[in-house]
Amino acid sequence: MSAQAERRAAPPAKKGAEPRGPRAPLGERLAAWRDQHFYSFFSSLGRLAARPWATLLTVLVLGFAIALPLLFWLVFDNARELSGGLREAREVTLFLQPSLGPEQAESFAAELRRRDDVAAVLLRTPEQGLAEFRDLSGFGEALDALQSNPLPSVLVVTPRESGADEDPPLVAAMQADRRVDLVQYDAAWRRKLGGILHFGERVVAVVAVLLALATLLVIGNTVRMDIQARSAEISVMQMIGASNGFVRRPFLYAGFWYGLLGALLALLVVVVVELALAEPVARLVESYAHRFALHGLGAGVAAAVAGASTLLGWCGAWIATARHLAAGRPA
Amino acid sequence: MIRFDNVSKRYLTGLDALAEVSFEIEAGEMAFVTGHSGAGKSTLLKLVSLAERPTRGHVTVNERELARVRRRGIPQHRRGIGMVFQDHRLLTDRSVFDNVALPLLIAGTSRAEIAKRVRAALDKVGLLAREKAAPLALSTGEQQRVGIARAIVAKPPLIIADEPTGNLDPQLSLEIMNLFAEFGAVGTTVLIASHDLLLLKRMQKRVLVLDHGRLVDDYRPVRAA
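Top line first, the protein sequences correspond to chains A and B. The numbering used here applies: residue 1 is where the first sequence begins, and numbers increase by one. The numbering used here applies: residue 1 is where the second sequence begins, and numbers increase by one.
The hints are simulated quantities; they were obtained by calculation from the structure and are not laboratory data. Misleading hints may appear alongside valid ones.
As the list claims (entries may be wrong) - One side of the interface only, derived from the structure: several residues of chain A facing chain B at Cβ under 8 Å: (1) GLU28; (2) ARG29; (3) ALA31; (4) ALA32; (5) TRP33; (6) ASP35; (7) GLN36; (8) GLU233; (9) VAL236; (10) ILE240; (11) GLY241; (12) ALA242; (13) SER243; (14) PHE246.
Stated by the list, open to error - Stretch-level coverage of chain B by chain A, calculated; a stretch enters the list once three of its residues show a Cβ under 8 Å from a Cβ in chain A: (15) 76-84; (16) 95-106.
No residue lacks a Cβ here, since even glycine has one placed at the ideal position from N, Cα and C.
Sequences are here, hints too, so could you generate the full structure?
Set out below in C-alpha cells:
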C-alpha cells in the first residue's frame, strides 16, 4: 500500500475522467456500441408495444397533425397544375369579325406571321370551333338545332417572348384592327390567379411549419411523461454509471418511432382521402377532356415526410431528455 | 482507496451534514460507517459516489481527487464503484439477469462476456438458478443479493453500500454482511453504512462512528483484516 500512498500525494495530472485500466480494442468497443444501439432500438419499440392504447393515441394525434398540411399541399399542388396550362399560356386569342370569310382569315393569319413579335399563329375555322364546343360543353344536341354556324374564325397568336410583364404591343394593335371583333388576353386575370395560388402555397407552408412544431411538442411531451414515469429507473442507471447518452438513447429511439409511425399514419390518411375523392375527381377530369389528372403524393415526397417526421420525433425526445438530465445532476 | 481531508458538507437548507471529517481507507479494506440517523452516513457515501460535492475539503477515491472529476466524468467515476442500496433499487420490468447485466451494458461489454460475468456474479450470491425470474418474485433477501450481484458484476475496486441490511432480519443480515466480507477478502474495498451495532460487533471490522456530522470514533478491531 505504501507505493499507492506515495502516488496519492501527487494526484495524476489527467484531465477529466479517463477510463480505468486498459481499454478494449476498437473493434470490440464498436461491437458493444452497436449492441447498445440494437438494444435501445428494439427495447424502445417493445416499450411502445407494451402500452398499445397510449401509443396509438399519440400516433393518431401525430398522424392527423401531419396529414392536414399534406392534404392542403396536395390540393394546392393539383390546383397549380390545373392552372399551370392557363398561367403559362401567352396566347392572344383573336375573334375575327363574322363577316370575314375563310380566305380573308387565312391572309390575315399570314400577315400576322410576318410580324417580328409573333412566334406562331393558329387558325381555327368556325367548323373546328363548333366541333370542339360540341365535345367540351355537352350541348351537342342543342347545337344540332342551330341552322348555321354562329362561331367566327379564331386566330390563336403566340407572341414572341418579350420577357416584360406588361401586355405585348400586339394586343393594342389588334384591338385597333377593324378585322378583329374581340381580343382575349387574360393577363390580369392570370396574374390574379397566380397571386391566389401563391397565397395558398404560403398558407400551406405556414400551416406545415406550425403543425411540425406541434409534432415536435407532442412527441417532446409524450417522451417527457415517459421520462417522469421512469425517473426512478433513470436515477438508478445514473447511480451505477450510465452516461447521459446511455440514459437518453431509449427515449431518442421512442421519439424516432413516434415520428415514423405518425408519418406512416399520415400517409395512410392521405391515401384514404385520395381514394375517397377518386370518383368525383374522375368525373371532373372527364369534363376537362383529360387535360388534367389528379396526382397523389410521390414516393419522394412520402419518403421526405417520413424522414422529416422521424427527425422531429428524435429532436423532440432530445429536448425532453436534455431538460431532464440538466435538472437531475449534481454540479 | 478512499481519503477524506477535512471534508465538510453543508446542504442548501443550512444543514451541516458533515463537519471536518478526515479518514483514510486502504485498498482491500472493509469498513463500516455508523451513527444515529441523520449523523451523515448517507452524505459520506454520496460524496464518494459524487452524488454530492463537499462544501469544503477534499475527497480522493482510487487516487483520484474528486474535485477534478467534472460533470462529464461522473458516469465513468461511478463505473468504478459498485453501489448497493437499502431498497436494492432493482428495475422491476426486467429479469434478474438483465438487472445484473445493466452495469456491463452501460460499460459497453460484449454480449458473450456479459452472459459469462452475470452468471459468475449470480453464482457468487447463490442465485444462479433464478436468473430468469422477475425481481418482484424474489424474497427481500434475494432481491438484496441481486442488488449485490449487480454491484460486483463489473468487478469494481470499490463497493459502497447504504444500509444494505436495513430491511432484513438478523439472520439474513449476517448472511449479506458475510457476502460483503468475502469480497473484501479478495482485495475489493468495501464501505458500508449501517446503524446495526450488533451486526457490526459480530463482523469485527473497522468502524467509523459519526455523530452530528463529526467523526467521533475510528474503531479498529485488534485482529484487523
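Hint check results:
1. GLU28: Check passed: Cβ of A:GLU28 comes within 6 Å of chain B, closer than 8 Å.
2. ARG29: Constraint on A:ARG29 satisfied, holds at 6 Å.
3. ALA31: holds (6 Å)
4. ALA32: holds (4 Å)
5. TRP33: holds (6 Å)
6. ASP35: Result: holds, 6 Å to nearest chain B Cβ.
7. GLN36: Result: holds, 7 Å to nearest chain B Cβ.
8. GLU233: holds (5 Å)
9. VAL236: holds (5 Å)
10. ILE240: holds (5 Å)
11. GLY241: OK, holds: A:GLY241 within 8 Å of chain B, min 4 Å.
12. ALA242: holds (5 Å)
13. SER243: holds (4 Å)
14. PHE246: This interface hint holds because 6 Å falls under the 8 Å limit.
15. 76-84: holds (count 7)
16. 95-106: holds (count 4)
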